[in-house]
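*Asks:* Sequences and hints are given; from them, build the entire structure.
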Amino acid sequence: MRILSRKKLYLPALSIVAVVFLLLVLVSISTYRNLDREKTRALHFFYRQGVALLRSIEAGARTGMKSLMWQEMSLGSLLQETAKDTDIAYVYLVDEHGKIVHRSDGVQAGRTDAWKPELTRADQVASRIRTLPDGRQIFELAKFFAPMYQPSTVRQQQDAAGAGQIVECHSHRGDTIVLGMKMTAIEAAQRADIQHAVIMAAIVLVLGSGTLFFIFVIQNYYLVDRTLKQTEDYTRQVVANMANGLLSINPEGQIVSYNLLALELLGLKEAKIQGLDLRSVIDFETSGIARTLSEHVPVLEHEIYHRKESGQSIPLALSVTPICDENGHCSGAVIILRDLSEIKRLQQRVKRSEKLAAIGELAAGVAHEIRNPLSSIRGFAQFLKKTLHDKPKEKEYAQTMVNEVDRINRVVTDLLTFARPMQAAPAPTDVSALVAHCMRLAKAQADARRVGIHTRVSDVSTLPIDGNQMTQALLNLLLNAVQATDPEGHVEIGAELEPSSSRLVFWVEDDGSGIAADKLEKIFEPFYTTRETGTGLGLCIVH
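Each residue of the sequence shown is one higher than the last, beginning at 43 in the working numbering.
Don't read these hints as lab results, they were simulated from the structure.
Incorrect hints may have been included.
[Said to hold, decoys possible] Cross-link-like lysine-lysine pairs, in silico, DSSO-like; alpha carbons within 27 Å at most: (1) LYS386 - LYS311; (2) LYS81 - LYS126; (3) LYS314 - LYS350; (4) LYS126 - LYS271; (5) LYS81 - LYS141; (6) LYS158 - LYS141; (7) LYS224 - LYS81; (8) LYS386 - LYS350; (9) LYS350 - LYS311; (10) LYS126 - LYS108; (11) LYS224 - LYS141; (12) LYS141 - LYS108; (13) LYS437 - LYS427; (14) LYS386 - LYS397; (15) LYS224 - LYS158; (16) LYS126 - LYS141; (17) LYS126 - LYS158.
*Replies:* Structure, rendered in structure tokens:
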């Protein structure tokens with residue numbers, strides 16, 4: 043059972059790993075998409091913010107150029123002031139030749155390798171993410187710088203004296219303004235999002251794995267519960283249908299479990315069995331149960347005689363086995379009861395057969411020694427009968443001697459038949475004719491006792507039977523039935539072929555008083571008879 047449990051738990055473990063891996067992939071994909079979407083939104087926000095700043099710079103420059111105090115260096119000051127914002131890394135202005143003409147702090151002046159994207163429209167804004175050597179990332183935006191609507195504008199500045207002076211300002215046509223914005227906030231937000239995503243993914247994985255594991259545990263619980271119920275039902279059926287009685291007791295000797303056969307053997311009622319102390323039914327000391335409970339020693343096939351409440355005594359074979367755990371602690375015992383009644387009957391039959399065999403051998407020897415003198419005695423008796431024909435009384439004595447010698451000879455013949463049964467010699471025999479022949483042989487004695495004999499034979503054809511031995515057996519039974527039937531009684535002899543077993547069954551039935559119960563067990567014993575003229579060997583030979 044332990045191996046089976048490991049195999050059943052192995053598949054759920056693999057399933058949990060597979061599902062966790064699948065959840066991890068799904069959460070990773072979802073987190074990546076969310077982070078990418080948030081980054082896109084943040085860059086879009088930065089883009090709009092940067093475009094607004096660029097346009098603000100243009101608007102500031104345009105407004106300043108309209109002022110009488112505006113100078114070319116004022117544009118550089120405007121860029122430096124704008125770059126003081128914590129979210130702005132730098133701002134610089136690139137002319138059409140790629141040279142930085144104005145800049146904020148942090149940008150090298152006069153550089154000719156500054157970023158100058160190819161812009162095709164005046165309102166076009168280019169953007170990119172630039173990675174600095176120290177690993178920081180800068181979001182750069184670039185557009186044409188057009189603070190003036192005309193290529194150049196002439197302004198007149200009046201001094202305090204009222205004298206006028208013409209000033210020409212640079213329009214910066216073709217220049218590109220580049221704004222670099224720090225991505226610190228985006229990076230911090232991304233790190234926070236990643237941490238949050240990792241935490242949420244861990245929570246989802248833990249909850250998902252726990253839920254799946256709980257589902258598998260519940261499933262295994264129901265599976266184990268169903269298996270235990272099936273095993274319990276199977277064990278209950280096995281115990282209930284055992285050929286022997288089974289009991290289990292606790293260390294105090296109280297009955298814990300049982301099957302119905304055990305109750306039947308002990309003569310107990312099921313309504314009173316639960317918790318019954320078995321000591322009140324079986325002697326623990328003589329049966330060895332006490333030793334099993336105390337010393338944990340099994341008892342095998344101990345024979346006892348149990349007397350039921352009805353007074354019937356039956357022989358039982360009792361086997362007791364202790365119920366012990368791995369630590370040697372005994373929690374009770376299992377008792378198996380086996381009915382020995384049939385075995386005792388077989389033993390009696392074996393003893394009887396041995397007894398009959400010994401009597402038969404003795405009878406055969408005695409009969410052989412008696413038969414020869416009987417022939418001489420019978421010859422002399424017949425000789426005397428012939429010589430005493432003129433003396434009726436003496437002649438009657440001689441005839442009595444002949445009759446008694448014949449009776450002794452029949453007894454001797456029966457003894458020889460009983461001691462040395464002849465081998466059967468089956469031959470095709472008409473069953474109806476055999477039954478009719480037996481009836482004719484017994485008819486004379488039946489008529490003398492005014493007993494009617496009837497035959498009843500079913501549709502039975504010719505079958506292979508030893509007609510002589512069957513006639514002897516049926517005639518013995520038929521004569522016994524006639525003798526046991528009162529005058530005006532009836533005796534029936536018949537034969538029938540059983541369709542289910544294909545057996546030929548003969549029977550002799552009478553309406554007499556029957557055989558007494560105390561004599562029924564002795565009818566097959568040799569020389570036992572209830573008739574004054576019987577030899578007591580007829581039923582032995584039939585048997």
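*Asks:* Does each hint hold? Answer for all of them.
*Replies:* Structure-based check of all given hints:
no. : hint            : result
1   : LYS386 - LYS311 : holds (26 Å)
2   : LYS81 - LYS126  : holds (25 Å)
3   : LYS314 - LYS350 : holds (15 Å)
4   : LYS126 - LYS271 : violated (81 Å)
5   : LYS81 - LYS141  : violated (32 Å)
6   : LYS158 - LYS141 : holds (9 Å)
7   : LYS224 - LYS81  : holds (14 Å)
8   : LYS386 - LYS350 : holds (18 Å)
9   : LYS350 - LYS311 : holds (11 Å)
10  : LYS126 - LYS108 : holds (24 Å)
11  : LYS224 - LYS141 : holds (23 Å)
12  : LYS141 - LYS108 : holds (26 Å)
13  : LYS437 - LYS427 : holds (5 Å)
14  : LYS386 - LYS397 : holds (16 Å)
15  : LYS224 - LYS158 : holds (19 Å)
16  : LYS126 - LYS141 : holds (23 Å)
17  : LYS126 - LYS158 : holds (23 Å)
Hints 4, 5, counting from the list given before, are not met by this structure.
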